[in-house]
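Novice: Residues per chain are reported as follows:
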Amino acid sequence: MDTLSPAHPHSLSGFARPVAESQSTFHAAMMALARPGQRQTLAASLTPPAPLSEGVAALALALCDFETTIWLDPAFTVSDEIASYLRFHTGARIVTSPAQANFALVGETAALPAFDAFALGTLDYPDRSTTLILQLPSLDGGPPFALSGPGVAGEVSLAAHPLPPDFEARMQANRAVFPRGVDLLIVAGLSLIGLPRSTSIRKAGG
Amino acid sequence: MTTLHPGYNFAYLDEQTKRMIRRAILKAVAIPGYQVPFASREMPMPYGWGTGGVQVTAAILGEGDVLKVIDQGSDDTTNAVSIRKFFEKTAGVETTTETARATVIQTRHRIPETALQEGQTIVYQVPIPEPLRFLEPRETETRTMHGLEEYGLMHVKLYEDIATHGHIATTYAYPVKVNGRYLMDPSPTPKFDNPKMDMSPALQLFGAGREKRIYAIPPYTKVVSLDFEDHPFEVNKFDKPCALCAAEGVYLDEVILDDAGGRMFVCSDTDYCETRRAEGHRGEMLGEAPAFVSREPAE
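Protein sequences, first through last, are from chains W and P.
Note that the first sequence ends on residue 206 in the numbering used here; no numbers are left out.
Note that the second sequence ends on residue 299 in the numbering used here; no numbers are left out.
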C-alpha cells in the first residue's frame with residue numbers, strides 16, 4: 001500500500017465526524033453571513049495539506065460536493081496537493097476560471113483578483129454568484145472598517161489583515177451592484193467573519 | 001426523549017441534500033428577501049404539510065439544538081405534533097413548547113407572542129413564496145419584476161382593495177419590502193405579526209417545498225409592510241382580551257361554543273396563554289377551572 005504513504009494528499013483526513021462537523025461549520029457560515037462582522041468559531045478537526053488552513057478546508061468540505069465548482073488562487077495551486085485533497089474529499093470540480101466558480105479559495109488575500117473576475121450573478125438570478133473564502137493570518141490589526149446593513153445592529157468594525165489596499169472601494173462597488181455581487185467569508189485559523197453583498201462598508205474613524 | 005430511529009441519517013436528509021439546501025440558505029441570507037431556487041426533495045409527508053420548512057429545519061439543525069414547532073400558534077395541533085415527533089425520531093434533538101428555550105422554531109403561520117432573541121432561528125413553512133403570483137402567473141415575468149424592482153402591480157392590488165372595500169382588505173400574507181429592495185411574502189401569517197419581523201434579533205428562514213424556494217431575513221433587517229400615506233398599515237385589533245388569560249395586544253382565535261352564537265376569543269399562541277395562566281392571570285371565561293392543567297410528563 002505504498003501508494004497511500006502519509007504524505008499523499010488522499011490520506012490527509014477530512015472531518016472526523018462528518019455529519020456533526022459539517023453542520024457546525026455550516027452553522028458558523030450561516031451566522032457569519034447573518035451577522036456581518038461578528039466573529040464565529042469553527043469547531044472542526046481535519047488535516048488539510050499546507051498552506052490550506054483547517055478553517056478554510058472545513059468550509060470547503062462542509063459546503064462543496066459534486067454539484068459545485070471551486071477556484072483556487074495561485075497560493076493554493078503551487079502544487080496539486082490542495083486540489084487533489086479537495087477533489088478527493090468533496091468531489092467538486094476544480095476550475096481555472098474564477099467566473100465559473102461557486103466557491104473561490106484565496107490564500108494570498110493582498111493579491112485578491114478584482115471582484116468582477118468572479119461570477120456576480122444576474123439580476124434575475126443573483127444567487128448564481130461566487131462565494132469567496134479568504135484565508136488570512138489575522139482578523140485583527142488591519143485598518144478598521146465600519147460595517148452596517150442587514151444583520152448589523154448599528155455599526156460593527158472589521159480589521160482583518162491583510163486586505164487589498166482598495167478593499168473599501170471594491171466592497172462599495174460590490175454593494176452598488178446589489179442584488180448581484182460576491183459574498184465573502186473571511187477566515188483566520190478557526191475564526192470566521194462574514195461579509196455578504198448586502199453590507200455597507202466605510203473606513204472607520206476617517 | 002424518543003430513541004433515535006435507526007437507519008436514517010441525522011435529521012432524515014442525506015448529507016448531499018443538506019449541503020444543497022445549506023448553500024441555498026447562505027445565498028438567501030446574503031440577499032435578504034430574494035427567493036433562492038433549490039432542489040426540494042420528496043419528504044415523508046405531503047406537500048402543503050410543511051415540506052419546505054422541514055427541509056430547512058433538517059439542514060440547519062444540530063445535536064445541541066432545542067426545537068419548538070407551532071401550527072397557527074399552537075404546539076398541540078396535528079402538524080406541530082407530527083413534525084416535532086419527526087425530528088425527535090430522526091435527529092434525537094430536545095424539543096420544547098417554551099418559546100424562550102427554543103433555539104430553532106419551525107412555524108406555520110404565526111410568530112410567537114414572546115419576543116424572539118438573538119441566536120434563535122425561526123423557520124416558516126411557506127405555501128406560495130411569490131407575492132406577485134396571483135397578480136402575474138408567469139414565473140419569467142415575476143422574476144424580471146423582482147430583478148428590476150418593479151412592484152407597481154402590488155400597489156395597484158392594494159389600491160383596488162381600498163377602492164372596493166374602503167380599506168386594505170389583505171389580512172394575512174400581507175406583502176412586505178425587505179431592506180428596501182425585495183418584495184416578499186411573509187407566508188400566510190396574519191398581518192398582526194408583520195411588525196415582529198422588522199428588526200427582529202432572530203434569524204428568519206422561509207422554506208417552500210412544493211414551489212422549491214428558500215428565502216431569508218437576517219437579524220436586524222428592515223421589514224416594511226406596504227401601504228399608502230393616507231391608508232397607513234395597521235394591525236388587526238381585538239375588542240376584548242383573551243377569554244382565558246386576559247392578555248391584551250395579542251393575536252386571538254375565535255372559538256365557537258354552541259349553535260346559539262356563543263363564542264370566545266383566546267390566544268392563538270398556546271404557550272403564551274398557558275404561561276400567563278400559570279402566572280395567575282385569569283380571563284373572564286376561565287371561571288372556576290384550574291388556571292393551568294399541567295402537561296403530561298415530557299415524552
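One or more hints might be untrue.
Which chain W residues face chain P? A few, computed with CB under 10 Å, are given here [what the hints assert, rightly or not]:
| # | residue |
| --- | --- |
| 1 | P18 |
| 2 | Q23 |
| 3 | M30 |
| 4 | T41 |
| 5 | E67 |
| 6 | V78 |
| 7 | D124 |
Non-contacting residues of chain W with respect to chain P, defined by C-beta distances greater than 12 Å in every case (computed) [said to hold, decoys possible]:
| # | residue |
| --- | --- |
| 8 | A32 |
| 9 | S79 |
| 10 | D80 |
| 11 | V152 |
| 12 | D183 |
Negatives, chain P to chain W, calculated, CB over 10 Å [claimed, not checked]:
| # | residue |
| --- | --- |
| 13 | F10 |
| 14 | E15 |
| 15 | R19 |
| 16 | K27 |
| 17 | E63 |
| 18 | T77 |
| 19 | P127 |
| 20 | L135 |
| 21 | R138 |
| 22 | E229 |
| 23 | L257 |
| 24 | T270 |
| 25 | A278 |
In case anyone wonders, no lab produced these hints; they're calculated from the structure.
Glycine residues also receive a C-beta, built at the ideal position from the N, C-alpha and C atoms.
Novice: None of the hints should be skipped; say for each whether it holds.
Specialist: Each hint tested on the structure:
1. Interface restraint check: P18 of chain W against chain P, minimum CB-CB distance 7 Å, threshold 10 Å, status holds.
2. Interface restraint check: Q23 of chain W against chain P, minimum CB-CB distance 5 Å, threshold 10 Å, status holds.
3. Taking 10 Å as the C-beta contact cut-off toward chain P, the hint placing M30 of chain W at the interface holds, the least distance being around 6 Å.
4. For T41 of chain W, the shortest C-beta to C-beta distance to chain P is roughly 14 Å, which exceeds 10 Å, and the interface hint is violated.
5. Evaluation of the E67 of chain W hint against chain P yields a held restraint, the C-beta minimum of about 7 Å falling below 10 Å.
6. Given hint, V78 of chain W at the interface with chain P, is violated; its Cβ is 28 Å from that chain's nearest Cβ, farther than 10 Å.
7. Contact between D124 of chain W and chain P, as hinted, is supported at the beta carbon level, the nearest pair being about 5 Å apart and thus within 10 Å.
8. Non-interface call for A32 of chain W relative to chain P: violated, since the shortest CB-CB distance, roughly 9 Å, does not exceed 12 Å.
9. Distance check on S79 of chain W: its Cβ is at least 27 Å (rounded) from any Cβ of chain P, clearing the 12 Å threshold; non-interface status holds.
10. With 12 Å as the threshold on Cβ separation, the claim that D80 of chain W sits away from chain P holds: the shortest Cβ distance comes to roughly 24 Å.
11. Under the 12 Å C-beta cut-off, the non-interface status given to V152 of chain W relative to chain P is violated; the minimum distance is some 6 Å.
12. Taking the minimum C-beta to C-beta distance to chain P, about 4 Å, the non-interface status of D183 of chain W is violated against the 12 Å cut.
13. For F10 of chain P, the requirement that its beta carbon stay farther than 10 Å from each beta carbon of chain W is not met, with the minimum near 5 Å.
14. Listed as outside the interface, E15 of chain P is inconsistent with that label: its C-beta sits roughly 7 Å from the nearest C-beta of chain W, within the 10 Å cut-off.
15. Residue placement check: R19 of chain P does not keep its beta carbon more than 10 Å from all beta carbons of chain W (closest about 5 Å).
16. The beta carbon of K27 of chain P is not kept farther than 10 Å from every beta carbon of chain W, the shortest such distance being approximately 4 Å.
17. With a minimum CB-CB distance of about 6 Å to chain W, E63 of chain P fails to clear the 10 Å threshold, and the non-interface call is violated.
18. For T77 of chain P, the non-interface assignment is confirmed: its Cβ lies about 29 Å from the closest Cβ of chain W, beyond the 10 Å cut-off.
19. Every C-beta of chain W lies more than 10 Å from that of P127 of chain P, the closest at about 22 Å, which supports listing it as non-interface.
20. The beta carbon of L135 of chain P is kept farther than 10 Å from every beta carbon of chain W, the shortest such distance being approximately 18 Å.
21. Every CB of chain W is more than 10 Å from the CB of R138 of chain P (nearest about 13 Å), matching its label as outside the interface.
22. With a minimum CB-CB distance of about 26 Å to chain W, E229 of chain P clears the 10 Å threshold, and the non-interface call stands.
23. Residue placement check: L257 of chain P keeps its beta carbon more than 10 Å from all beta carbons of chain W (closest about 44 Å).
24. A cut-off of 10 Å between C-beta atoms confirms that T270 of chain P is not in contact with chain W; the least separation is 29 Å.
25. The Cβ of A278 of chain P sits about 32 Å from the closest Cβ of chain W, beyond the 10 Å cut-off, so the non-interface label holds.
The structure does not agree with the numbered hints 4, 6, 8, 11, 12, 13, 14, 15, 16 and 17 stated previously, though it agrees with the rest.
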